[in-house]
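When we follow this note's numbering, the leftmost residue of the sequence shown carries the number 56, and every step to the right adds one.
Since the hints were derived computationally from the structure, they do not count as laboratory data.
Any given hint could turn out to be false.
Said to hold, decoys possible - Okay, derived cross-link-like pairs now, PhoX-like style, lysine-lysine, Cα gap no bigger than 25 Å in a straight line:
no.	residue 1	residue 2
1	K171	K145
2	K265	K222
3	K181	K145
4	K113	K145
5	K135	K113
6	K171	K135
7	K181	K222
8	K181	K171
9	K135	K145
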Amino acid sequence: MRVFLPDRDCRAFAPSVMFFPRGRRTMQLVRSWLSLVVLLVAVPAWAIDHAAEIERLKPEAAAGDAAAQYRIAILFADGKELPQAARYYKLAADQGHHEAQSRLAMLVCNGLGVPKDAHDCIRLYKQAADGGVTQAQVNLAARYLSGDGTPTNHVEAVRLARLAADKGDPTGQLLLGICYETGAGVGQNRSEAVRLYRLSAAKGNAAAQKGLVRLGEAPTPPAAPGAPATVSASTLTVTLRRQSGVLMVPAVLNDLVSANFVVDSGASDVVIPETLMQAMRNAGKFSD
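Please work from the sequences and hints to get the whole structure.
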């Protein structure tokens with residue numbers, strides 16, 4: 056279970072792959088990584104009864120409410136009705152909804168529910184990345200590294216990967232590490248590559264572990280499941296409790312009071328708002 060801080064787009068991570076230094080093999084493997092990206096939607100509490108919620112939201116969506124259009128798209132995507140999901144993502148995306156742009160890009164890039172369109176894929180990812188959506192920044196950086204659907208642009212790949220890495224994103228850290236290892240778009244710097252691989256590997260990224268081995272470094276063990284973690288980084292992993300089918304974030308406040316924060320999601324990635332995180336930073340720590 057990944058918990059993202061602050062309030063960021065719920066998203067899925069592509070499976071880890073092995074990256075090699077600069078050249079054709081790197082491009083091929085980055086393309087393989089891109090082809091394995093799948094759309095998993097975190098389903099909040101309001102999505103339990105899909106049909107009823109869609110009907111409730113349709114008047115708002117028809118009136119041009121981008122947030123309602125986006126929520127309907129999530130419901131259709133969760134129900135595997137991808138053509139309908141794409142339709143509503145587009146309605147919201149055309150109004151500048153950045154998360155909708157990112158999710159629509161994922162569909163367009165892979166031909167899911169809509170015709171595959173490399174040009175539109177890159178256009179949408181650019182819009183979402185400029186809007187601060189981390190997943191879009193990561194996916195676009197990978198495409199600029201691989202040349203998949205767009206000419207290679209290593210300098211822009213570095214910029215985008217750095218934006219994601221600076222927010223604690225393990226895939227952004229991995230991609231930026233690759234750039235430093237190979238000298239793609241940035242001066243080659245082994246020590247910086249190792250530092251970034253360690254940050255990514257600590258969050259469980261297998262490709263980053265392989266990067267460390269490739270550079271002759273000892274692998275970094277991921278954080279132990281259930282180990283208490285002080286809330287200081289922008290991304291961390293915690294073990295959740297499940298009670299009567301409901302996921303909860305366990306916490307200890309001031310080492311005195313135990314609390315369970317309900318997580319309204321059925322997916323592996325969960326967003327906790329920054330306001331709540333700030334309160335918890337001030338009050339205590341996460342603990343299993």
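When the hints from earlier in the document are held up against this structure, which numbers fail? none
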